[in-house]
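Student: Here's the letter readout for the chains.
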Amino acid sequence: MKNILPRFKILRIAISSLIVLFGFTGAMPDLHAQNQVITGTVVSEDGEALPGVAIRVQNTTIGTVTDVDGKFSIEVVEKDAALVFSYVGFKPQIILISGRTSFNIVLEEDITQLSEVVVIGYGTQKKSHLTGAISKLTNENLEQLPFARVDDALVGQVSGVQISSTSEEGVGSDPTILVRGVGSITGGSGPLLVIDGAPVDSEFFGNIDMNDIESFEILKDAASAAIFGSRGANGVIMITTKEGKEGAVKFTYNGFAGYQEGHKSEYFQTSINDHVALELANNEFVSDATRIKQLLGDTDWEDIVINGGYVTSHSLSARGGSQRTKYSTSLSYLHDEGVLLVDDFKKYNFKARVDTKVSDKFSLGFNINPSYTKRRRYTDALRQMVRQSAPWLPERHTARTLQFVNFEDFPDLQPGDYVWQSHFDDVTVQDVFFDDNGNIAGFNEFESGSISNTGNAGPLLRILERETFDERLKVYGNVKANYKINDDFSLKSNITVTFQDLLQTVYRGTESTNFAGDALARERNQSRLRFVENLFLNYSKDFADHEIDAVLGIAGEQEIDRTTEFEGNGFTNDDIPRIEGATNIFVREGYTRERRLISFIGRVNYAFKDRYLASISVRRDGSSIFGSNNKFGTFPAFSFGWRVSEEGFLSGSSIISNLKIRASYGVTGNDNVNLPIPVQEFYPYLPILRSEPTAVEGGTAQTFNPINIANDNLRWERSIEINPGIDFGLFDNRINGSIEYYRRTSDDLLLDVPISSVTGFTTSFLNIGEVRNEGIEVNFKTFNMNRSNFKWSTNFIASTNENTLTDFGDADGTVFTPSDGSDRNTEWIASVGNPISNFYGFVYESDVPLEYRARPFEIIGSKSQEVYVKDLNGDGIINDDDRTILGNAYPEFIWSITNEFTIGRFDVSFMFQGSHGAETRNIADLEGFSLSLGANATTAEAPRSEFLRPRVLTSDIIQDASFLALRNLNIGYTLPGNILEQFKIQSARVYASASNLLYFHADNFTGWNPESIRQGGDFTPITYGYNRGGSPIVRKVVLGVNINF
Amino acid sequence: MKAIFSKTLVIFSVIVISSCDDYLEPEPISFISQEFFFADDDDLDVGILNIYDGLQGDNDQQIVDFRSTQIEYMLTEMRSDNARARGGGDATSDFQQFEVYEVNTNNIIVQNYYESMYNVIFRANLILDNLDAASEARRGEFEGEAKFVRAYVYFQLVRLFGPVPMPLKVISPDDDAAIAFTRVATDVVYAQIIEDLQVAVENLNNQFKTRASKAAAQALLAKVYLTLAADGQMALYEEARLLCDEIISSGEYELMDDYGEIFTIEKNDEIIFAIDYIENNELTSQNFSWETSDLGDRRLNYTTENIRSVWDSREETVRDVRLASIIDGQFMNTKYSTNNPTGPLQSGNDWIVLRYADVLLMYVEAVLAGGSVTNNATAISYYDAVRSRAGFLLPSLSITKAKLLEERRMELSFENQRLFDLIRFNEAINVLSAHADATGGQFQNTDLLLPIPQNERNLSGDFNMPQNPGY
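As given, the protein sequences belong to chains A and B, one line each in that order.
Sequential numbering from 1 applies to the first sequence in this note's numbering.
Sequential numbering from 1 applies to the second sequence in this note's numbering.
Mixed in with the good hints there might be a few duds.
[As the list claims (entries may be wrong)] Taking CB as the label site, the calculated pair distances span:
| no. | chain 1 | residue 1 | chain 2 | residue 2 | range |
| --- | --- | --- | --- | --- | --- |
| 1 | A | N873 | B | E238 | 33 to 41 angstroms |
| 2 | B | T92 | A | D712 | 38 to 46 angstroms |
| 3 | B | E195 | A | D875 | 35 to 43 angstroms |
| 4 | A | D712 | B | E195 | 48 to 56 angstroms |
| 5 | B | D65 | A | E408 | 27 to 35 angstroms |
| 6 | A | I877 | B | N430 | 32 to 40 angstroms |
| 7 | A | K127 | B | S172 | 47 to 55 angstroms |
| 8 | B | S388 | A | A935 | 56 to 64 angstroms |
| 9 | A | A935 | B | T92 | 17 to 25 angstroms |
| 10 | B | S172 | A | Y741 | 23 to 31 angstroms |
Hints were generated in silico from the structure; no laboratory data involved.
Just so it is clear, the structure is predicted and the values come from calculations on it, not from any experiment.
Glycine is no exception: its CB is placed at the ideal position from the N, C-alpha and C atoms.
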């Protein structure tokens, strides 16, 4: 279906369903009282049949909807009745029957979005009545984007929402999602995910099928998110899944297949010949070791490791229903091979949803969605590849490479065996040279010496012989019941159960480690069961100039997590690469934890004369997570709006067709607790005694170890946000958009704060500090062309964010040094007046000249480990006082621009996205080229040695992380109906979709992915922006087909 | 249908509201909450073991957890003339600053030891705060064990840092900041140590060797008295002598015939108090045996040329514990050579705190009572008993202060006694200055105390916790 207003689809369904609902309630007894049947078809201006158009006899509750062919049939009593045809995205039409019994209706598209309905959390609201900052994204063509995860497809789609593929472990990894900047310092800065009204774990982003999704609603300001109380502080992403529609069963198949490749960095493509030239230029001779490297030849390890892959997806759904019962069911499969050597992701998804009206007043709905994913992680971070490989290192041994092996040390090597650098140490090589006639003229003899720069197992071994599989089984189950008490009041109950099970198996093969005895297997079992129960009383009333919509409810949640992890070792072969094959098995981790939440929720939305709008809500949450003095918290919100365009003085305006001024204030909380000991996260206020063995009198006994300090005052992180905004439509809504400003102040931040160790502990989990996020968001949508055979619209979104730490108590100025191996430890500072996390260190001045480097030609592409740094305070010495803030990883400005064209049967859309102002601390290349390898050391003769500092601590590795990408490009062709009819196909569309066809990053960025950020462990929002290489940016092209039959 | 809904509503309300208090406080499953733990003797038994667990310290190669006793040698032996790092002194290395007396206020070993010791004190105070849970019959025993360890820790702290904060109960970071950041005068700390040890002496018997015992409390108290006596409280020499005499005359301890077996046979007759480790289990083993050998990453606590020359000149054979490094010309000490070198975290050698030979020599020290020579027959018999085991069979006619100090050095080398002996014998400044001059160190009189960790001072805010002089 050609429709330039894809975002209207949900509304069609919602409104149609509503009308149907109203149509049948109370109306049925009258059906036999008359017998005039009106029939007809409803089509669009393009002549396409419109299914699901709501038809109502004016001033009655009698109604129906069109079937899949756009046909309808309705019985009316009065001969002079009027029929009202309404369809979301189209202008309503009223037709007088005047005795006719057959009509062919052409509905005109309505490009205003004012009648759209938006899901707002425990309810819906007309978009025109919104007073908070809620972005809605309807899934019209998102399912054709070739992404393994749903959240990856949201990149660049919503203003104020930053989604970055930060992971290091390849396909299927969860991206980092930030809504309006980071407002927490303890890790949990991601938004809450709500599926069909029930909060679920954000991991469901990885399991849900895009084809099942009707729309996304993103609650950005606190007033909108306050309805989710203690968990709304980082925004809320709500997913509404598709439901069945009345009518004959309709099958939809969507499938695509394509190929992808990873972004490579020229920086790592060091060549031996360049190296030889450098060595010659400086030394006037080439070392034996280099000669041997030359003989071994160039191997492009980036090509080997970033090897590309295929992606395939199939999804089949069947939807339909009768007047009373509607169903929707789907099956899908996705296989994404990723772009790295071993990463792989498979997803199987099944969904069934049934909604039925048990009686006029009572309706029930069931929804079950099991899914299974299997993922192989790429665990040996790309930076490792740089260190373990060298351009001269062959991929595997061949008869030729074996000539260069020291067989005294490695007598058993065969062609095809894995290569270690050390295989080529201390070997004497005879290189034959030829005369002009091609005859052997003599031999040159070379000694390799210590040619290796690492004694570790070879790169291919570490990638291929180490496996980590994640198998996740998730089930989302939901039962809901609605009871209509009378025209104004209804009761809604909703019970959701989610279950997820992770089985993670790790195997490190006997060959993959430096010593065979280090081979190990791990098995981690993690299950999570969550119940969410809601009971709501809704009140909805329109009278005179007043519209009131109110809810009052109670919600409860329980979650039980169980984790066990075992490790086994003692492998002497790889025959059973699982824990079952181990000789010794011990428990690495095991815990069960439980959390509970109870909430009381109330909200009133009010509109006067459709013009003056107000919303007030309050939620009171009781959480098991917090201290006995702070179990309960209250989260109020107020917002107001004025639709200026409804006022008389603007009613005749030919320029302004829509204008709304709005403002909101709200309070939200964040209960994400991130602590090194997971079991503690659900009981952070309790003083925990953990079982531990201790030695006593020559034996072992059990004791209980105190691990923390009690804190009965522990409470939510609290965010207060104000959000004034303006929504507008110009020139009959051909240009519409919004501009808003937000300022969110988050205080009582949860942090493991250093305390006096005289207490017995070095940190205590406390509420401390305050951080502010402020910025501007703009959305513009223009309908540049709207002819029946050529339509063009443009959507531009942009947002700014400025993050400032405004209070940090006694911890102001604390320098954090997250641990990542002693020679990679870098510093961050938390300093009031600056962003929440800042790179800290020395300012780079110059490299150490070649002549003062220990062995500058030993490692191809090597750089000095140390560099000269600037004496910032000019006191003649370099000490800690010469460190300064070197940047931060938060972009200041992100934007995207999407153009959609419909030209005849073709449709084209593309989105550019840009991000500016962020820096990254990129250590990926240091590993191989300059870290603490002896060859890169500085010699004692180096002048001004007191001005030398390790490169890793300096501004030299702070790089610009800005980028500009052609994120998506989609081209589709809708096949003509007459061809399809022969095959009983209603509609079919073929498409090509590409992502990241163009990707530009800053000149000084040397890695594979400027968006990559290491997280977890010591890396928290306060030590943010550490780039260890990451998974490369992926470029994909797929071909797909979408068939309805 | 209405009925169904009303029922749902009722059930829902029952689930959610009726049990609201319990509902929001789910019972922890995988751990115990300390708030409700201490109910009876069994719980206190477990809690007491946890105090020793703290003394044993976390077994790790990093200096991040509470390493406790496992890093004590760096702060003590490596600041004496006995020990050095294989790599020698280096003011820029946290591990090699000690031997050149250039200890930084940010030194992570100093900080870690300070943190670990207060963690042990917390564990002891936790028991003392919960003594009401004990039966009347066992209350004294629990109190004695907890107070013994607390006294031992404060004795280490006061000797290493001088005035130190002295919490005597579990303290909170908010309400008790004054306790955490106030350095209590040494005489007050010593008074508390004495009081605690007297309780331990009264309440304990001698059934344990790696837990507190009466003899351990007596021996420790004797050492406390000797320390204070050397500082001018002369009357305490006699108190110390009486305590040593009680241990000796109890007949429960004796010298091992073979000097080497003191360290290879655990919990032998000579041991009065040791800190227990069990090999081959990361959670109960220790790391210092590995780290002080050629196998370690840092290779610390190697022998100095100074002590080797004394061994040579005295023709010490039994107590010469040097072992040549296979790496270069350095010499390790073998006293705690790992009996089980399967991995860095797998050694099981106990750490000996107090043993009978030490008590015999303390008796001599008490008799000498600060004088320069004694010919007390009992003292000489004890002194010669220690010497003869080491192969020096010639009876002594008298004992000078200098001879006793050297004898203690020979007998107790690498047992973290030397630095404190030098201070007690008032020889530290002479000996360590000379040692520093010979090895390139920068010794100053103020180096006898370690710096208060800078981190603590940074956190002290308005309390402005003072630093020791010279730092």
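Student: Each of the hints needs a verdict: does it hold here or not?
Tutor: How the hints compare with the structure:
1. A:N873 to B:E238: 33 to 41 angstroms: 60 angstroms, violated
2. B:T92 to A:D712: 38 to 46 angstroms: 44 angstroms, holds
3. B:E195 to A:D875: 35 to 43 angstroms: Violated: the Cβ-Cβ distance is about 51 angstroms, outside 35 to 43 angstroms.
4. A:D712 to B:E195: 48 to 56 angstroms: Violated, since D712 of chain A and E195 of chain B (Cβ atoms, about 32 angstroms apart) do not stay within the stated range.
5. B:D65 to A:E408: 27 to 35 angstroms: 43 angstroms, violated
6. A:I877 to B:N430: 32 to 40 angstroms: Since the Cβ atoms of I877 of chain A and N430 of chain B sit about 34 angstroms apart, the hinted range of 32 to 40 angstroms holds.
7. A:K127 to B:S172: 47 to 55 angstroms: With Cβ atoms ~52 angstroms apart, the hint holds.
8. B:S388 to A:A935: 56 to 64 angstroms: Hint holds: Cβ distance 57 angstroms, inside 56 to 64 angstroms.
9. A:A935 to B:T92: 17 to 25 angstroms: 22 angstroms, holds
10. B:S172 to A:Y741: 23 to 31 angstroms: Given a distance of about 42 angstroms, which is not inside 23 to 31 angstroms, the answer is violated.
Violated hints, listed in ascending order, are 1, 3, 4, 5, 10; each of the other numbered hints is respected by the structure.
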